[in-house]
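Student: Given next are the chains, with one letter for each unit.
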Amino acid sequence: MKKALQIALGVLTAIGGFVDIGELVTGSEVGARFRMNLAWATVLSLVGIVLFAEMAGRVAAVSQRPVFDLVRERLGPRLAMVNLLASLLITLATVAAEIGGVALALELATSINYLAWVPVVGLLVWVVVWRVNFEVMENVFGLLGLALVVTAVAVWQLGPDWSSVAHQVLHPAKPANESMASYFYYAIAMFGAGLMPYEVFFFSSGAIEEKWTSSDLAVERGNVLVGFPLGAGVTLSIMLGASLVLGPQHISVSSLYQSALPTTVVLGKWALIVVIIGFFACTFGAALETTLSCGYSVAQYFGWQWGKMTKPKDDARFHITLMACLLAATGLVLTTFDPVKITEFVVVFSAAALPLTYLPVLIVANDPGYMGDKRNSPFSNAVGFAFLAVLIVVSVATIPLMIITKVGG
Amino acid sequence: MEDRGRSLWAALELLDRQLLDCDGTPVAKVDDLEFEEAEAEELPVLTNILFGQAALGRRFNRRLGRGVEMLRRVMVPVAEPGPARIPWGAVKAIGPHLTLSLARSDISDATRVDDWLTRHVLSHIPGSGIKPGGESQ
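Respectively, the protein sequence lines represent chains E and A.
The numbering used here puts the first residue of the first sequence at 2, with every later residue one more than the last.
The numbering used here puts the first residue of the second sequence at 100, with every later residue one more than the last.
Bound conformation, chain E alone (with noise of 0.2 Å):
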């Protein structure tokens, strides 16, 4: 009974770990633009996901290693200084675009200019980050972004022709306006956006904060294998609202108030904030998780003490840094950079920097002098290298998509 709960609970967390402002905003614009030609590119992430964060949760549990610990081992102190400052990077940009997030679900609450809930936000992630219980700020948030699941309602009630949607995801095409760079670039983002590097960091740090161990590897399982994929049902939901509703209208999306818009079109005002709670809820519990995960892999690499479970005076580097992480990234978000803008920007890029993170963990998975028993199995290491192929393609193709493209076109 207890270990079910515990399941039901971490649930709960992944849904809000996966679905976060890369979901709602890269969904929703991929939706109106492809329709739901480019649902493989989610469901590849997903695959991708659940691979990495079961190895990466399952190395962290048996053996205390948290992922960063692993990359600095691995790849020595050079080229993880060169993922480090990378991840970083992407992973600061990221909590940007969080509170930016959870600033434009305030600003569609309230009509009140989501800059003036910028401060107001990085504040109050900050005292949660300072103050309250773990398992306390994953519970909330991961019940609260359930909310999210009215998409799905809100697409059933549409009542698409649920044939041709079948054949968008099965006999994926590009549609005739769009280039096959464009194609390809927006597959790129949309599959960035499941596998932002943050999530891992989070995942296996997290496991270690829970002192789970070996006995805990059914939970471990449990949560990636259940809560990710309803993640993934709700992202397509949110891209398959957006193909049924913006896409005849030709809207293209530039704001999270478009994203809502099939939800409040089919159901009306209830939904809308039932909606707005569900992104607040996932872009808060984002903005924690990002700003966690900049400590972490921080910390990581130095071998300091870290933790959030951990008194403040033991680890006082680890807590300085996820201040000055959420004060950069405050400020950010204040120079009036579009919260949207950065969240393309950062799904792309979290796409390209994986591989550098990914191969450490595949590699110590399958080491049985930290593993024993619970090393990789034949099935798991053929996918798992399978997927390092597809992220080094990914990784490559990139860059030149964006200059061909001029990002997105």
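The hints are simulated quantities; they were obtained by calculation from the structure and are not laboratory data.
Please note that a few of the clues may not be correct.
[Said to hold, decoys possible] Using 27 Å as the maximum straight-line C-alpha spacing, the simulated DSS-like pairs for lysine-lysine come out as follows:
#1 E:LYS312 - E:LYS212
#2 E:LYS342 - E:LYS175
#3 A:LYS191 - E:LYS212
#4 E:LYS375 - A:LYS191
#5 E:LYS407 - E:LYS342
#6 E:LYS175 - E:LYS407
Predicted, not measured: the structure shown is a model, and the values here were computed from it.
Given the coordinates of chain E, assemble chain A onto it according to the supplied hints.
Tutor: Positioned in the frame of chain E, the structure of chain A alone reads:
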């Protein structure tokens, strides 16, 4: 040392590993290793683990390491402090991490920066549970 007689590749199995204290608390990374030259035809002997930004800086670039060492001299008032070190004899077990027989609180080089930040920064922030001056409530 319970691992006496096992052969290890220092660069592969020691460098860049996490150091834990006797209670399992993270202390630092093995940022570098110090060897003592032995008699002719004998292998050098591993004497110290070097850690902290001064040791790490040296691996990136000799000048950078020098610079960090100078900074360290400001905090540690000794003529030639060099990078922080822990004697190899304090290592209790070698595995995915290196476990020490010391407590983190007894390794002043490992806690110095945290202590300084606690006293001068965190103690001024509400909710830290630290009185200005560094004493925990």
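Student: Flag every earlier hint the structure violates by its number, smallest first.
Tutor: Going through the list in order, the structure violates no hint and respects every one.
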